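Each chain sits in its own coordinate frame; assemble them with the hints.
Residue-level listing of the chains:
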Amino acid sequence: MADADSDVTVPRRVWADGDVHKRELARIFRTCWQFVAHDSEIPEPGDYVTRRIGRDSVIVTRDETGQVRVLLNTCRHRGVPLCRADRGNTSHFRCSYHGWTYANTGELRGVTFQRDVYGQGGIDKSELGLFQAARVDTVYGLVFATWDPEAPSLEDYLGPMRWYLHTVFGKFDHGLEAVGPPVRTMVRANWKPEGENLSGDGYHTFVTHQSAVELGLFASQDDLARMAAVAGPRFTGRTVHCGNGHTMRIQRMPLTVDAPAYFGYPREMWDEFDRNLSEAQREAQSCLSVGHGSIFPNMSFLENFKTNVDKQGDHARYIRVTLRYPLGPAMTEQLWFLLQPRHADPEWRRLSRLAYLRTNGPAGMFEVDDTENFVGITEAAAGDVAADLPIVLDGGRHHPPTPEEAGWPGDVADGDRTEKTIRAFHGRWQELMS
Amino acid sequence: MTETTLAPPEVQAEAALFLAVEAELIDDRRYAEWLDVVADDFVYTVPVPVTPDSPFAPHHDPEALLLDESKESIRHLWFRRLEADMHEFAWGENPPPQFRHFVSNVRARETGEPDELLVRSNVLLMGRRQSDQPRYITAERFDTLRRTPAGLLLARRHAVLDQTVIDFPQPRVLL
Chain A
1 MADADSDVTV PRRVWADGDV HKRELARIFR TCWQFVAHDS EIPEPGDYVT
51 RRIGRDSVIV TRDETGQVRV LLNTCRHRGV PLCRADRGNT SHFRCSYHGW
101 TYANTGELRG VTFQRDVYGQ GGIDKSELGL FQAARVDTVY GLVFATWDPE
151 APSLEDYLGP MRWYLHTVFG KFDHGLEAVG PPVRTMVRAN WKPEGENLSG
201 DGYHTFVTHQ SAVELGLFAS QDDLARMAAV AGPRFTGRTV HCGNGHTMRI
251 QRMPLTVDAP AYFGYPREMW DEFDRNLSEA QREAQSCLSV GHGSIFPNMS
301 FLENFKTNVD KQGDHARYIR VTLRYPLGPA MTEQLWFLLQ PRHADPEWRR
351 LSRLAYLRTN GPAGMFEVDD TENFVGITEA AAGDVAADLP IVLDGGRHHP
401 PTPEEAGWPG DVADGDRTEK TIRAFHGRWQ ELMS
Chain B
1 MTETTLAPPE VQAEAALFLA VEAELIDDRR YAEWLDVVAD DFVYTVPVPV
51 TPDSPFAPHH DPEALLLDES KESIRHLWFR RLEADMHEFA WGENPPPQFR
101 HFVSNVRARE TGEPDELLVR SNVLLMGRRQ SDQPRYITAE RFDTLRRTPA
151 GLLLARRHAV LDQTVIDFPQ PRVLL
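Sequence lines, in order, name chains A and B. The first sequence begins at 1 in UniProt numbering and counts up by one. The second sequence begins at 1 in UniProt numbering and counts up by one.
Chain B with its partners taken away, still in its complex shape (with noise of 0.2 Å):
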């Protein structure tokens, strides 16, 4: 990630805010308004974890994915089926898990692009399956904010997770 600028304090907060709204509407399972504030474009992409044997390379393969997702692609194989009438029968999602985001350390910086911020994030993840205690998994992400007529949108996610076996209620996650 290139080390650009950081944008000025009102931009910080304006960033902050859309990240902290970003994920009330997921933890609120209000995806529909949620794709609405995600670009057409987006990519959703995590890397895959490892443990390295040298202190100068990434706790992450940069070639190897765990998750590459498309808008359409969790429009279409996330969030669908958990609409009213196939909920039934996504059964490791029914009853649903909970899902609560925890957003902080927004940096966000300009990119040379005029309408493009670059952000970054810490973010803790709390996951409940049925009635078992919470677990907690741990990233950075590397977003790309998208001006728009329509107010900013989400047009890139990158999120880098910090545990090598992911201990999880589901690894399928937005974070």
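Same shape as in the complex, but just chain A (with noise of 0.2 Å):
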């Protein structure tokens, strides 16, 4: 793949202008697949989640013959919307100023004194659905739309970066399960910052996250040594950009293991993450530190490995995913969801839940570090002298292309402090926006 984040200017205007956001609205978030929710969070028919694609509201349901809808949140007739509950379930949408009703496929199917409004002949209800997505598609589980009728499909436009989302969400015999509804947080910060973050931020780790690191919630050379034997002090780690802005970056634990493992998982976990994965994607897997990237625009993942969270000595993996809705230069609402293996020992579960909320939850310590930067990155690009002045995003330039045999599809360097992904997420930003 042909490397498209080798030059790029960034000015910290792109956090700040009032003009920017509005653009990006109408060229990234009414173009893009958009991540809307979790298929478990709809398993029924009739089940509906409400959510945003860029400050629109939508109702993402499941129909009754099961298709996942994407619906405009606002009644066709004067504007109002259907939905105002977080999630529940229902056949029909009603709206509560005139009347009109409407099949949760967004079909139009019932319009109040019809005849007295509009006549003997009525209103011609085909014309007047709700308003859906153009293009609506589920990958491992993770449902995402378009309004774009002229959109790639989701598998072109994911193109190699499915490959890794199957080593994350893809590796389970019996799928993932949203653990409760998102969290949602107001966060008053740009939507970009923490996505520039998490689509391969190696470099940040250690000084933004140090309490974390004195603290003993990154693996120490004692805690490695209870896993694995200790191949070295130094954890090793890729980055990756697969296209269209989606990016990824893996790091891996010094172990030595004569088979892939899997720490963090259970046990009787390894054998279906054996089967459900190429060898190139076992590797990818096998000692995982952490591993997150990004689906452009606005998701993210992250499957993290912490240790002492609750008692000295334990560890646990959990898998993240949140979705940063633009409500305005400087104002983001973030969703954040844990994904949990259906079928995991209860245990587990509760060690991964309190593992995710003390670190990488809404509530955890390093996000209330994290935000800290994105918010004063907002702040400050507010300035007039500011906003003309570029960042340095020349990290990792120097980092070799990882050898072909390994097998890794995309444009993968090896070497994880490394600006390649932030470069990849404002080379394909610019690219829409010009």
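Rather than coming from a laboratory, the hints here were simulated on the basis of the structure. Wrong hints could be hidden among the right ones.
[Stated by the list, open to error] Chain B residues, not near chain A, derived (Cβ > 10 Å throughout): (1) A16; (2) V21; (3) A64; (4) H101; (5) N105; (6) P114; (7) N122; (8) V123; (9) M126; (10) R147; (11) L153.
[As the list claims (entries may be wrong)] With the C-beta cut set under 7 Å, the calculated list includes, among others, these residues of chain B facing chain A: (12) D85; (13) F89; (14) W91.
No experiment lies behind these values; they were computed from the predicted model shown. Glycine included, each C-beta is placed from N, C-alpha and C at the ideal position.
Quick look at the structure:
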């Protein structure tokens, strides 16, 4: 793959400028595929959750035939939202203003006092269904939608990223489920700084999260020695750009193992991972320290490993998905999902949940420190002089490409203290905005 | 929560005073003293807020948690990093956010356990980050207070937030 991230200059105004924000809504959020829900949130016909695409409120619902629909949450008549709750189950949506009623396919079924209001012929209901996403598709339980009828298929949009999503989300025999509804937080930051970070910033960890290191949340040499023979002091990592701004960072613990070892997951699950992953994918998962990345524009995932979260000597892994709504240039609503394997042992699920909540959960230690950076970046970028000043994004340019024999698709480099993925994010962002 | 008998007035006053002093210790950042009024098996939980589709459903998911902490996790992962030798690198809390609790509507009930009280209270928490204007969040708390030879101890706190979209300097707070 061509090095799409080679040259990109990013002035700070991209984080704070009102005109940039408006253009993003039109150029990015009206066209790109975006994550809207996990399919376990809406398992039965009639189940729905309300979400946003850009700033538009949408209803994500499973219709009576089982098809997932993404419906714009505004009555075609005079604009009142049909759904006011975060989640529920209904076969029809009835407007509170004049009573127009829609099936959960989006089809307009009933217009109150139709002949009185619109005459003997009534009104053409077939033209007045709820506006809905042009395309909806699901990959590994992750539901995506786009408004753009010209958009490529989700498969094509993700490209090689699907291979990496498989390593995270596709290795379980019985899939993943969302644990409860997402937590929703309001962050006084632009939506991009957190996305840049989660795209693959392995550089900030030991500074921003120094107190987490000192408190034992990162595996120490002693923690490592309890798991396997320790191969050395340094964790190693790779970063990848899969095109379209989708990126990932994969960091490995320095352990020597005879066969793929999926530390942090219950031992009884390892066989299914071996079965469900290719050889190259097993390599990406074995001895994984952390894997995280982003699906452009605003969804990120994190599969993390933490030690000593509840009792000394314990360790656990969790999978988190976050989604950022761009409510304003300096206002973002973030949704936080914890995903767990459906049939994992309850005690493992408990420890995984504690590890998540206390570190990378919305109230976790890591997030307190990360969020301060993102809010600060946004505040500083509002200055007139600062707005024009470009940021430095040259980290990792010297990192060598990963040998093709590894079998990892996309543009992969050996090294994860890098800005490679951030260049990729902004490279794609600029393509869409220009 | 079982509706049991309201405790007599002197116990109401005792519970209210305990909660006022407990809040003072947090607001003053006297964390070691706060840990002294918390039981060793303390559990602190906050469920995930949600807007339900039914007037008969709660405004939170009883199964899903936003916070799930023990005395040890709070001591180690919350307070330890704010001590003098580590505070410089607790970036999100440097300078420290300021918190102030306003505790009201304290209702202490006997539980059937001779040494335990179930105490419900409302809390309004002010949080201020740096020079930002203060922001406010409210919750109802369901506490268990335990009577010990050392005095009352906070044995359990379950706090139900009144915001679906949490808009506060940080969601990592002791309500």
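For each hint, the structure was consulted:
A cut-off of 10 Å between C-beta atoms confirms that A16 of chain B is not in contact with chain A; the least separation is 27 Å. The claim that V21 of chain B is not at the interface with chain A holds, since no C-beta of that chain comes within 10 Å of its own (minimum 25 Å). At roughly 2 Å, the least C-beta separation between A64 of chain B and chain A is not larger than 10 Å, which violates its mark as non-interface. Separation of H101 of chain B from chain A is adequate, the least Cβ-Cβ distance of about 17 Å exceeding the 10 Å criterion.
Interface exclusion of N105 of chain B from chain A stands, the closest Cβ pair being 25 Å apart, more than 10 Å. Against chain A, the non-interface label of P114 of chain B holds: every CB pair exceeds 10 Å, the least being about 31 Å. The Cβ of N122 of chain B sits about 21 Å from the closest Cβ of chain A, beyond the 10 Å cut-off, so the non-interface label holds. Distance check for V123 of chain B against chain A: the nearest CB is about 16 Å away, which clears 10 Å, and the non-interface claim stands.
At the 10 Å boundary, the C-beta of M126 of chain B stays outside the reach of chain A, the nearest C-beta of that chain being 17 Å off. Once the 10 Å rule is applied to beta carbons, R147 of chain B is consistent with being away from chain A; the minimum gap is 28 Å. Against chain A, the non-interface label of L153 of chain B holds: every CB pair exceeds 10 Å, the least being about 21 Å. Below 7 Å, beta-carbon pairs count as interface contacts, and D85 of chain B has none with chain A, the closest being about 9 Å; its hint is therefore violated.
At about 4 Å, the closest approach between the beta carbon of F89 of chain B and any beta carbon in chain A falls short of 7 Å, and the interface hint on this residue holds. Of the supplied interface hints, the one on W91 of chain B holds, with its beta-carbon coming within about 5 Å of a beta-carbon of chain A, less than 7 Å.
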